[in-house]
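Here is what each chain is made of, one letter per residue.
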Amino acid sequence: MGITIIYDRVRWEEKALFDAANKMSHTVNMIDAKDITIVTHNGNSHNYFDTILQRCISHYRGLYLTACLEFLNKHVINSYHTSEICGNKMLTSLYLKKNNVPTPKTYFAFSAEAANELASKIGYPLVLKPLIGSWGRMVVPIRDQESMEFMIEVREEDQNPLNRIYYLQEFVNRPPRDIRAIVVGEQVITAIYRYAASGEWRTNIARGGKAEVCNITNELEDICIKAAKAVGGGVLGVDLMEDIKNGLVVHEINNTVEFKGAASVSNKDIAASIIEYAIKSERR
Amino acid sequence: MRKVNCPECDGEIKVPDDAVKGEIVACPDCGANYEIEEIGKEIKIKPAESVGEDWGE
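Line by line, the protein sequences give chains A and B. For what it's worth, the working numbering labels the leading residue of the first sequence as 1, then goes sequentially. For what it's worth, the working numbering labels the leading residue of the second sequence as 1, then goes sequentially.
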């Protein structure tokens with residue numbers, strides 16, 4: 001069988017996927033998204049396989065390229081639908097709640113004034129997040145009115161119109177760790193605890209967070225599968241917190257999941273599971 | 001380990017044997033990041049894209 005991996009920067013994960021597919025005797029072609037052009041009429045002469053793993057590091061590049069590839073009747077993992085939801089924190093929160101997946105209480109405002117008013121009404125601390133973005137970038141704990149006003153000023157100065165839409169989330173009281181579960185289709189392949197690096201409150205591995213194996217309980221499995229289904233399924237990194245008051249809550253789902261941290265402590269071959277799922281899902 | 005010269009400062013950039021097209025290498029002297037454009041008899045590199053606001057997982 002053949003599989004195409006589309007990338008715009010080869011990370012550890014893309015190399016692992018390439019190696020895993022080769023080991024499983026599949027033919028793999030790696031295509032740089034930056035070299036691709038698409039036409040709506042006849043004239044596309046790509047040599048892609050029917051199953052494509054979309055692994056772009058740039059959310060928008062990956063998202064819109066996926067739209068084009070689906071137009072060409074390719075089976076893309078993850079789908080445009082899933083990528084659109086997971087790449088946007090607001091959409092993710094809406095889909096999670098709509099599908100009864102436990103998730104932190106989240107508030108939205110569509111102007112600086114409304115955001116300011118909303119924050120003082122809810123009370124502090126809060127977490128302010130950008131709608132788009134990853135690795136914990138611009139995710140800020142807001143501890144008082146002064147910080148809120150400062151962040152609003154920063155956001156209003158920014159040229160990106162999405163930064164004028166405000167996403168505020170309750171500050172979840174949790175241990176200094178969160179959980180990253182790798183979901184492939186309807187299976188939780190592995191789960192890890194991510195501990196924040198010293199002097200950092202965010203637990204992202206990209207920010208120096210440390211990984212430790214997390215036991216996959218029935219509750220964790222059920223929530224992760226439900227969360228994955230809510231956003232359309234595929235290959236996903238489901239992030240959860242252990243809310244001291246409310247138990248497990250899903251706060252984010254990653255569409256182009258990085259699993260170097262998880263692979264360093266897990267005894268599961270994550271890359272092989274992803275390839276196996278991709279190949280099987282094409283045959284359906 | 002193969003080597004390629006930094007187009008910016010002429011420093012020596014080490015390219016691991018298992019490096020592939022699309023991977024990023026950094027110049028140890030000036031810190032510039034480069035993407036491996038071609039890896040064969042010769043190694044070609046080009047300036048890497050800078051981190052975008054929408055980058056991540």
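Derived from the structure by calculation, the hints contain no laboratory data. Do not take every clue at face value.
Capping the alpha-carbon separation at 25 Å, the derived lysine-lysine pairs in BS3-like fashion look like this [stated by the list, open to error]:
| no. | chain 1 | residue 1 | chain 2 | residue 2 |
| --- | --- | --- | --- | --- |
| 1 | A | 245 | A | 97 |
| 2 | B | 46 | A | 34 |
| 3 | B | 41 | A | 260 |
| 4 | B | 41 | A | 34 |
| 5 | A | 15 | B | 3 |
| 6 | B | 21 | A | 34 |
| 7 | B | 44 | A | 105 |
| 8 | B | 14 | B | 3 |
| 9 | A | 15 | B | 41 |
| 10 | A | 34 | A | 260 |
| 11 | B | 21 | A | 23 |
| 12 | A | 15 | B | 21 |
| 13 | A | 105 | A | 121 |
| 14 | B | 46 | A | 15 |
| 15 | A | 98 | B | 14 |
| 16 | A | 15 | B | 44 |
| 17 | A | 97 | A | 23 |
| 18 | A | 245 | A | 260 |
| 19 | B | 14 | A | 15 |
| 20 | B | 21 | A | 74 |
Partial chain A-side listing against chain B, Cβ under 7 Å, derived [claimed, not checked]:
| no. | residue |
| --- | --- |
| 21 | 7 |
| 22 | 10 |
| 23 | 31 |
| 24 | 32 |
| 25 | 36 |
| 26 | 58 |
| 27 | 134 |
| 28 | 135 |
Beta carbons: idealized from backbone N, C-alpha and C, even for Gly.
Hint by hint, where does the structure go against what was stated? Just the numbers, ascending.
3, 7, 15, 17, 18, 23 and 25
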